[in-house]
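Chemist: This is what each chain is made of:
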Amino acid sequence: MTINHDLFKLTNLPERPNKPRENGITMVMDKGLSTFQAASLAESGEHIIDLVKLGFGTSLVTPKLKEKIAIYKQAGLDIYLGGTLFEAYLVRNQIEDYKRLIDNLGISTIEISDGSISLEHEKKCELISQFAKEYKVLSEVGSKDAEKIIPPYAWIEMMENELQAGAWKVVAESRESGTVGVFRGSGEIRTGLVAEIERKINIDNVIWEAPQKSQQVWFIKLYGSNINLGNIAVNEVSALEALRLGLRGDSFDFFI
Amino acid sequence: MTINHDLFKLTNLPERPNKPRENGITMVMDKGLSTFQAASLAESGEHIIDLVKLGFGTSLVTPKLKEKIAIYKQAGLDIYLGGTLFEAYLVRNQIEDYKRLIDNLGISTIEISDGSISLEHEKKCELISQFAKEYKVLSEVGSKDAEKIIPPYAWIEMMENELQAGAWKVVAESRESGTVGVFRGSGEIRTGLVAEIERKINIDNVIWEAPQKSQQVWFIKLYGSNINLGNIAVNEVSALEALRLGLRGDSFDFFI
Amino acid sequence: MTINHDLFKLTNLPERPNKPRENGITMVMDKGLSTFQAASLAESGEHIIDLVKLGFGTSLVTPKLKEKIAIYKQAGLDIYLGGTLFEAYLVRNQIEDYKRLIDNLGISTIEISDGSISLEHEKKCELISQFAKEYKVLSEVGSKDAEKIIPPYAWIEMMENELQAGAWKVVAESRESGTVGVFRGSGEIRTGLVAEIERKINIDNVIWEAPQKSQQVWFIKLYGSNINLGNIAVNEVSALEALRLGLRGDSFDFFI
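Protein chains in written order, with the working numbering: chain W, 74 to 329; chain R, 74 to 329; chain H, 74 to 329.
Note that these hints are calculated values from the structure, not bench results.
You may find that some hints are simply not true.
All copies of an identical chain are treated as equivalent in the list; a pair is satisfied when it fits inside any one copy or across any two copies.
Below, computed lysine to aspartate or glutamate pairings styled on DMTMM-like, alpha-carbon distance capped at 20 Å [unchecked claim]:
{"id": "1", "residue 1": "Lys82", "residue 2": "Glu269"}
{"id": "2", "residue 1": "Lys172", "residue 2": "Asp79"}
{"id": "3", "residue 1": "Lys137", "residue 2": "Glu116"}
{"id": "4", "residue 1": "Lys294", "residue 2": "Glu309"}
Just chain W, same shape as in the assembly:
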């Protein structure tokens, strides 16, 4: 669907699937928005945002958190708490408290990650498998540490295992800045790594964190309008949707 199609009548735009959808997903990073800002984001994003991540531990310091979650849900946006918070509970042996928290918040999607902790991969897959019985699980692959370079075969193996264990999608970590994981410190893309992953993993099962515009352009150019993209800044949501439709200078000639 295209939001103002009847008004604009612009022809030959790339198809975008309706929500809920398995590809063409846009995941947004909320770093502690107020209820005012959430209402604003929900208005802009009702049809184009799939997932809102309450980034790292910001949910813990957000007043009116339940009201905010209600606003997002009302607009059909799926919410989850950033993986760093999950890790904070895990490292403190408070996983049961974590489950109580998300149940209390009415959240049914969770992120299982090990970006800031050491976690045996087998243990991570067990956690995925266990949580997948009750929740929709996003599992994140890749370290937040720019020094830890994971070779392509290991990326693929982890992604395969985590999907096998029950993850709905795997998320390719890049941080809010887009400077680790499939990106170099400069934000440049490790194109060979992405290509190898794409040969082995169904790309609809991956959400690529790609906060920088140049990264978004690269993914859309190579893999089309409906590539799953994440860690989008709240004020870039409409701009990304225009980019997906070839209605920005950077992608203008991809689809005509």
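Please arrange chains R and H on chain W, whose structure you already have, making use of the hints.
Modeler: Just chains R and H now, with coordinates in the frame of chain W:
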């Protein structure tokens, strides 16, 4: 006028013309704001923003677009759709649909550009001339492609022709980033180019896209408080106005 | 206090003092927010923001300024006008008008700075001393000019004198960008300078302007969760609080 003059009583501030005005224009880039954000921008910008550009194709993916336009109009802000959208219609031979769209939206200012398409300059001037009969026309000069370096004489010739054809102002393209056109990829200013343009073209007829603070400072230092500036980010509007008044560190000693 | 502690039950978080407090202070830079945005910031920041600076001269161009100040006060946020505005009055010999202005606005905290003007240090201390009788004074040390490198002993001497003269806290200037003062042009920290200051000055009496995340991380790592930080961007307030609590990748292992 200076907004809080009666309250602040600060003397020796540079004069700023009242709206509607021919110079001292601030053009803002709206990349898909919600109605909440538009109301907020309208409050801040009622007296200091002249033009709001609904950037590239974001208007097509903005829910409550008509409500948003009404909010801006109510506050006396002139709205137009980004030139990239015009080009999307033009390249699809849908110019009549474009006219119906803007009439339907109650928009009377349009941007005619060729930043993403190839368009014979004669044809562009014909379009300007044709639209100028019914609309206020902004015509944009310069490519979005950093590789296409246009020499000064060609900038001047195009600007002269487009103004002659009926453009209200010509806009010097620099993108949202401020890295093409009169700027180098680094954002640095092609000072010789600007100086040559200024010698030949009445500078009140040009709007310089200058999203970076250093670029704004440079233009204000050289051409004064009332230089026309565009592609200002929504959260920099008041900061730019303070800069124009010499009330920011960067411009503090320009006017005293 | 930790905002959602009862809901989250996450153990072993660093202690944060309740407001009003002498350390752990977060000072935010408001560059001309509307009343909508101020209400949003007040919601997010009621418990975690101490001070809102109406940056440089933006207050002069903000419509509904009094309504905005009322919103902040209502939420318990202390407001003051940026030092650049103070300097604009001082350089025009309008200090009495400045006093009338802040009294009229109901503002009781002021910043005395010389970032954009030349001011004998003795005269500055006199001003501090005079204003400290009626107002809470923040005095700012450091130039906005990247060329003016002040040696450590001079930083320390100025800070000592200004605290002695009656300043509530001294603010270490770094601009909105974090590229002068205790930072290099690249944003890198002059670590030796900070260390020397910290040896001589009670660090609770200093507010470090540190707009960049890497700068915030560095200060929190070295001096703990309750280091006083300033010039925080409005959309980074919750993220900084999470950082202080070790709930962001960058600070995850500082406190466990």
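Chemist: For Lys294 and Glu309, with the copy left unspecified, which applies at a CA distance of at most 20 Å: within, between, both, or neither?
Modeler: within (18 Å within a copy, 31 Å between copies)
Chemist: State whether the alpha carbon distance between Lys137 and Glu116 is at most 20 Å within one copy, between copies, both, or neither.
Modeler: both (19 Å within a copy, 8 Å between copies)
Chemist: As a check of your reading, is Lys82 near Glu269 (CA-CA no more than 20 Å) within one copy, between copies, both or neither?
Modeler: Answer is neither; intra-copy 39 Å and inter-copy 42 Å both fail.
Chemist: Quick one: Lys172 to Asp79, C-alpha cut-off 20 Å, is that within a copy, between copies, both, or neither?
Modeler: Classified as between: cross-chain Cα gap 15 Å, same-chain 44 Å, threshold 20 Å.
When each numbered hint is compared with the structure, a violation occurs for hint 1 only.
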